[in-house]
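Sequences listed follow chains A, B and C, in order.
Counting from 1, one number per residue, gives the positions in the first sequence under our numbering.
Counting from 1, one number per residue, gives the positions in the second sequence under our numbering.
Counting from 1, one number per residue, gives the positions in the third sequence under our numbering.
The set of hints was computed from the structure by calculation and includes no laboratory data.
No experiment lies behind these values; they were computed from the predicted model shown.
A couple of the hints might just be wrong.
[What the hints assert, rightly or not] Distance condition first, Cα-Cα at most 27 Å in a straight line; then the derived DSSO-like pairs of lysine-lysine:
#1 Lys130(C) to Lys145(C)
#2 Lys113(B) to Lys125(B)
#3 Lys202(B) to Lys104(B)
#4 Lys82(A) to Lys117(B)
#5 Lys204(C) to Lys189(C)
#6 Lys114(B) to Lys29(B)
#7 Lys81(A) to Lys104(B)
#8 Lys117(B) to Lys104(B)
#9 Lys56(C) to Lys145(C)
#10 Lys305(C) to Lys340(C)
#11 Lys113(B) to Lys134(B)
#12 Lys48(B) to Lys81(A)
#13 Lys340(C) to Lys215(C)
#14 Lys114(B) to Lys34(A)
#15 Lys189(B) to Lys34(A)
#16 Lys189(B) to Lys3(B)
#17 Lys29(B) to Lys66(B)
#18 Lys48(B) to Lys34(A)
[Said to hold, decoys possible] Taking beta-carbon pairs under 8 Å as the criterion, some of the chain B residues facing chain A (in silico):
#19 Met18
#20 Phe90
#21 Ala109
#22 Val160
#23 Ile187
[Claimed, not checked] Far from chain C, some chain A residues (derived; all Cβ distances over 12 Å):
#24 Ile4
#25 Tyr7
#26 Arg12
#27 Ala13
#28 Gly58
#29 Lys81
#30 Glu88
#31 Val124
#32 Ile126
#33 Ser156
#34 Glu159
#35 Ala174
#36 Leu235
#37 Leu239
#38 Arg259
Beta carbons: idealized from backbone N, C-alpha and C, even for Gly.
Letter by letter, the chains look like this.
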Amino acid sequence: MPSILQYAYMQRALLVGCLLAVIVACLGTVMVHKRLSLIGDALSHSSLSGVALGLLLGFNPIVGAVAICIVSAFAIEAIRKKLGNHSEMAVAIVMSTGIGLAGVLSGFVKSAADFNSFLFGSIVAISGFETRLVVILAVIVLLAFILLYKELFYISFDEQAAAISGVPVGAVNAIFTILTAVTVSIAARTVGALIISSLMVVPVAAAMSIARSYRTTILWAVFVSITSTIGGLVLSFYLGLKPGGTIVLLSVAFFLVFRTIGFFRSGAKSTVSSKEV
Amino acid sequence: MTKVIEVEDMSFGYTREMILEHVNFTVEKGDFAVVIGDNGVGKSTMVKLLLGVNRPTSGSIRISGKEVQSIKGSGIGYLPQNGGNRAAAFPATCEEIVMSSQYKNIGFARFPKKSHKEKVEEALKLVGMEDKRKALIGELSGGQQQRIMLARVLAADPEVLILDEPTVGVDAESVDRLLHILHHLNIEKQVTILMVTHDIEKVGPYANRVLCLSEGACREELLPQAQIVHAHAHEHAHGTAEHVHCANCDHGPDKQHGHDAEHCAECSHCEQYHEHDHDQTHAHKHDQPRQHRENDGKEAM
Amino acid sequence: MMSFLKKNDTRNREKGNRSGPFRRGLAGTAALAILAGGLSTLAGCRRGFGKDAQGKVKVVATIYPMYDFVKRIGGDYVAVNMMVPAGTEPHAWEPSSRDMLMLEEADLFVYNGAGMEMWADDLLESVQNKDLIVVEASRNVELLKVGETHDEDHEHDEDDAHEDEAHDENHAHEHHHGEYDPHVWLSPKNAEKELETIAEALIKADPDHADTYRKNLEEAKNACQDLDRAYTEELEKHENQYIVVAHEAYGYLCHEYGLTQIGIEGVSADQEPDAARMREIIDMVEKYGIKCIFFEELVDPKVAKTIAEETGCRTMALSPLDGLTQEDIDAGRDYFSVMKDNLEALKASFE
């Protein structure tokens, strides 16, 4: 049986996949608690219009994608605040705008190949440049996440109280909005939009079913995310399954298993606590 | 006595329509002030203004002598309405939640030290929840969640405690417990408390001030004309007696001015309080909180 | 000159099937996509036969090789419109209502067949134009099944041919019955047969200029024979060599000149490779000492580049000719020049 690690493309897939799995799971915990679960989906779609814009106006399409992603993410933040209880609509509005714009702009892009090549990433075809980019990105995101862990917790838990306590809510939100936007735009191009938008939500949902604290929620989410990524790549390598779909389905399997465990556990708990009351 | 909260000729409206107009009141150090009033009269808006979340359209709000906007919430502890409910779905332990308010002490982008953990432990003990430090907030009862939220506020050592309807959706036992804790803080630590509540029956005995926020006599009009009436029901430490005086009363305060407490007997908000007012001289059902207050006042002098 | 539409309102959906969310999202904005098509029109792209088409045989050709062949034979007596816009990978393209209108005006509809244009049957069924002469250019070509490069006898079956190209998750290097490789024109001998079929139809549609058409056909056939000679001469030395290509489009070329193709993707160019397929290709590249990975201009070269990087190969463009870009057409490139470039690339890849 051939070894996974003897192939450079698999080494890269594992490295980049795991790094992205970690940071996407971290960003996911932040976004899920802001009720912006679909932000990954929305941003990866919106980034298409940035690619089209870049190709049309003659600047680097990746720059275009990152720029549009950042603008979209801030638009989501702004609309979210205005909509209050219906904050999830902010994601839909921005996503629609992005896809619409991409649709119109792509009509003007001359070569279809150019457009395509900026749309789709594949985890088994990652270039050296992309690898370096993801490593740098991962370091920045992780550093920000660890340093601002306390602030993020406070904001996620109770944004108003955090603001009253003097947390620079605007700045922290802005930092993570930018980091999320940059991560999604780069990751969608590197490993594919499917993996990113799914790993932003599913591992967090799985983790929340069994975790006993916020810290362990993040750790479980990272665990599920990494295990799904590695598992998906291994299955793809030996069984010839499509890597993106396999990774996503594995994370969903984790969710179902964790949910079941959580269900039985909380079932026992709730009978006890109802007696207490 | 130092003035902790000073509201001067303050008006506020989200649009050109004013929700609060020309509001004046002060809360002094060690006061336990209760804010009552009809739904929609602007109580929660008032709280947001006191917290510096919203900026007054005109007039000023000062906390400990500084403009509320400039202090960015330092020294203010805030317990929101149904604070626990909102937290229930959040996957965090009680300890983690209480720790969050240590933000000011820990500092931006820094990590908690042992002293901060001790502070958290202390706050948990204060609300009697130290056994639940590792429990998920969602697994607690409403009252327990409320106490955790209070512990979070207390861990930040507030000078002023602002509570918005803390008794709503909480079982009777927990309400007693909550009030007991607040009373303790008020007396022992001289924490100034301002509480918005409907539950004057329960809270009343612990308070020394009642502020009635109302639309006044012109309730039918579209523009609400709010006013604050000072209501020092008891002899304050200064010895100045103030009357319960409710502008919300159907009989109208002006007509009956000078009739003291009785004139408001039919006003739903003040009624309970007045009843208690009369009880005051006879017996105290609630471990005689007022007695403490008066002693305390003397000591403070 | 005719004016060709460069854009198409289904453009943004092409190749959208690599990623679920993308496809879903993009399909969901069909209305905006149509708007995009509309705007393209405003931007100066015009579809349909213009005034200068008057008095000429109006021909709609589906893909680039058909377009080129028709022009070559028809010369100035025909007005040709290419249905699949330049620069578009044709496997996932679909016609719009505007293409239907164009067909109503046309005298001749030339398509490759053999499953290249999966939509052709539906299209022809709904066309009202009774006088339209329909030409399936690959009619007389002996079709190969997908994945075949060696001699096997196949009866041409038109019904089967249309079922070709069905999307399949399995590797295209496996055998699938009843599925034919549509890229017949990549063998000059097949191109000759397609040219004959097209010439026949043009003569039928416009007997007045039959002599010119015959003369042009002769010239084109000679060019094909020259091309065939050049290919035979150059590739004889490299018989039984393997080539790694972006998608398995080179079955006829390989069959003719004794090569074997290893496709990164299947016969249709829009499947994401999996890790196992990548491994197989890398292993084969090392096993057979392959020095070059070919990519296509209309397909994302990422995968080809990754394999090249892994194995230390070069990458080179090899065109399956199913769609030239507008730039290529403007630069005067055509079937023969691209076929010659392909030969040069193949030659270079073995060195």
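Evaluated hints:
no. : hint                   : in the structure
1   : Lys130(C) to Lys145(C) : 33 Å, violated
2   : Lys113(B) to Lys125(B) : 19 Å, holds
3   : Lys202(B) to Lys104(B) : 33 Å, violated
4   : Lys82(A) to Lys117(B)  : 37 Å, violated
5   : Lys204(C) to Lys189(C) : 23 Å, holds
6   : Lys114(B) to Lys29(B)  : 31 Å, violated
7   : Lys81(A) to Lys104(B)  : 25 Å, holds
8   : Lys117(B) to Lys104(B) : 14 Å, holds
9   : Lys56(C) to Lys145(C)  : 38 Å, violated
10  : Lys305(C) to Lys340(C) : 24 Å, holds
11  : Lys113(B) to Lys134(B) : 18 Å, holds
12  : Lys48(B) to Lys81(A)   : 17 Å, holds
13  : Lys340(C) to Lys215(C) : 23 Å, holds
14  : Lys114(B) to Lys34(A)  : 30 Å, violated
15  : Lys189(B) to Lys34(A)  : 36 Å, violated
16  : Lys189(B) to Lys3(B)   : 16 Å, holds
17  : Lys29(B) to Lys66(B)   : 15 Å, holds
18  : Lys48(B) to Lys34(A)   : 21 Å, holds
19  : Met18                  : 22 Å, violated
20  : Phe90                  : 6 Å, holds
21  : Ala109                 : 4 Å, holds
22  : Val160                 : 12 Å, violated
23  : Ile187                 : 25 Å, violated
24  : Ile4                   : 8 Å, violated
25  : Tyr7                   : 6 Å, violated
26  : Arg12                  : 8 Å, violated
27  : Ala13                  : 7 Å, violated
28  : Gly58                  : 15 Å, holds
29  : Lys81                  : 25 Å, holds
30  : Glu88                  : 16 Å, holds
31  : Val124                 : 5 Å, violated
32  : Ile126                 : 7 Å, violated
33  : Ser156                 : 25 Å, holds
34  : Glu159                 : 29 Å, holds
35  : Ala174                 : 26 Å, holds
36  : Leu235                 : 8 Å, violated
37  : Leu239                 : 7 Å, violated
38  : Arg259                 : 23 Å, holds
Hints 1, 3, 4, 6, 9, 14, 15, 19, 22, 23, 24, 25, 26, 27, 31, 32, 36, 37 from the earlier list are contradicted by this structure; the remaining hints agree with it.
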